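Q: These are the residues of each chain, in order.
There are 2 protein chains.
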Amino acid sequence: MIQSRMIPTPGTPVNDLDTPALLLDLDIFEANIERMSGFFREKTCRLRPHAKTHKCPQVALRQISAGACGITCAKVSEAEVFARAGVQDILIANQVTGQPKVNRLAALAGEVNLMVAIDREANLNEISQACKLAGTSLRILVEVDLGMQRCGVEPGQPVLNLARKICSFSNLTFSGIQAYEGHLVFIKDPEERAEKVKQAFIPLVETAALLEKHGLPASIVSGGGTGTYDLTGVLPPYNEVQAGSYVFMDSTNYQIRPEFRPSLSVLSTILSRPVPGRLIIDAGMKALTHEFGLPTPIDLPNAKLTRLSEEHGRIEMGDDDMPHLRPGEKIRILPSHCCTTTNLYDVLYVIRDERLVDIWEIAARGCNQ
Amino acid sequence: MIQSRMIPTPGTPVNDLDTPALLLDLDIFEANIERMSGFFREKTCRLRPHAKTHKCPQVALRQISAGACGITCAKVSEAEVFARAGVQDILIANQVTGQPKVNRLAALAGEVNLMVAIDREANLNEISQACKLAGTSLRILVEVDLGMQRCGVEPGQPVLNLARKICSFSNLTFSGIQAYEGHLVFIKDPEERAEKVKQAFIPLVETAALLEKHGLPASIVSGGGTGTYDLTGVLPPYNEVQAGSYVFMDSTNYQIRPEFRPSLSVLSTILSRPVPGRLIIDAGMKALTHEFGLPTPIDLPNAKLTRLSEEHGRIEMGDDDMPHLRPGEKIRILPSHCCTTTNLYDVLYVIRDERLVDIWEIAARGCNQ
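Taken in sequence, the protein lines are chains A and B. If you read the first sequence in our numbering, its first letter stands for residue 770, the second for the next number, and so on. If you read the second sequence in our numbering, its first letter stands for residue 770, the second for the next number, and so on.
Don't take every hint at face value.
Chain copies aren't distinguished; within one or between two, either way the pair holds.
[Stated by the list, open to error] Distance condition first, Cα-Cα at most 20 Å in a straight line; then the derived EDC-like pairs of lysine to aspartate or glutamate:
hint: 1; residue 1: K901; residue 2: D958
hint: 2; residue 1: K1099; residue 2: D785
hint: 3; residue 1: K1099; residue 2: D858
hint: 4; residue 1: K967; residue 2: D1089
hint: 5; residue 1: K1099; residue 2: E890
hint: 6; residue 1: K1099; residue 2: E895
Read the hints as simulated data drawn from the structure, not as lab findings. On a predicted model such as this, the values are computed, not experimentally measured, just so you know.
Whenever a hint applies, use it, and build me the whole structure from the sequences.
A: This is the structure:
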């Protein structure tokens, strides 16, 4: 008989799970949520975690229970998944354009408290038209480029122009600014990072003043990441922070933010040990991403992941041969980028005390429309 | 109302499809299948295409209709998907280890003509034991390392030793050798490639002779890729070729093998044009992979994709500003690696004459167990 994907039962020891598998350590995960929520608890700035990190409704609902004001999404299709799961306040932090998506955006605006980012006038026309047909209205943030050179208009007058334009549509509301300092979140030196972030925010402060002066205050100013949450979270003009990675972490973010610990790992099996000092594991590019560098074997300080092919990872061990690592045994790997790693899996195996306690669907995996 | 993912109907113009979308040009796809099948039609060597490229039963069934002897898979979970779709002859070209997977392997062996690669004795014990419990038997290939330094034993005596060991199990059959020259398939110069491949095959020829001499002839010798099909397909000792990429192609394989044309592309939408000469598209790392280098805009010779973030691609245009490219318009991108790109999508939009003709599920996407 052709078997189906097996669903392991709660209580299963972690090392009995089939591999590659994406593991979430519940204790560390909960501590990360508590630490970030704690930071924002006494602040006027709110936390609106970016759900691109986890793509998982169970995670979003826990973030909101702990105090987050809602979530950030990248795409309409992601927002739909979270809305269906009961998330009521969603920012789509990207431009949404083209008939199919704009229609879905307008429909979704009738169901949840929704905001979307724009950076050009023609986009407002299509969104307003779709909202008119759907009988809904939508809150709009103007995206400002602080130097990341992605989307967004220049600070200052272009923002005011777009804010005025938004106000000319009866079914659109100007709600503020989105400005993400993504080019600065991974600066390793904390002082350099703080200094560059402060510099980058100056034109944004001026933009906020300009809007205020013209009677169009930005009620929301949204940006920030895990690398900069303690800057964006306290510096004007921000009042919402989109940090996402803190909940799972990875080797890249951990170097910057050691106060959050990695809760996410990939369980893999040693397939082969062709020569002493070299292991081949069953986790390759379909199980681990590497745009931020190669992932790291956990608790094996002398072992280095040196290559990923599609289905295989090669681990080399230098002088320390570690003869106890034999084919069939399991190795855990710390991803270098949690957000793209979750996009490779359908489920998270939630573990505590080395046993499976739950399986959470990564329901927004693959939602790139 | 929260909408569901929309399913476009046949006849929809390609440029009306929502993006990012994975497109398959049926005319080019069929020509690629015919060209490769044509090459093998008069040969004694058989084609057993690697299904990791497409992960799609509709593609596999077309390859078999055109003459392929079966398919190659990387994982048991992939093989299960293709077996359910009616593929009857499958090689799992990797080591399968650990109770959950070995049990599934043994069960599947009762349903289809199945082979698996091994490179160590202990793996034979667990496979034989699982087959005993399932009441099945299995054909085994010994994997040989020709210099790729992944899995596999050295040529010569180690292969004979494992072949003998296989014969000691009543429910396992020694069926031959797998030896993939993966480190040589992307050598650009055809003469250098041919020379290195011929050199790499010498120890394999000797291994085949050694097996023959000891009464254990390798009835199957399997290897080869799109870059080397015309070498592996005619040189001894091979009699099966696992080429996969030829069916879709990508910018990397097209440099090596221009006789196959790219049938796969990613349709994306221009989201923003923040400054002259720079476009931001809605296809990032969740829509395109880049381990073989950044993908290429199609039919825009002066445009270069210069950066991928998770949801965005940045295209720069140098001196030629191409003012006709405006936000909302569509751009097609040629992936640099077709196999990992298909792993990011749930469906293939099959197109002919610029219209949608079918939607094929990438049913084995994400099957990494």
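Q: Provide an ascending list of the numbers of those earlier hints which the structure does not satisfy.
A: 1, 3 and 4
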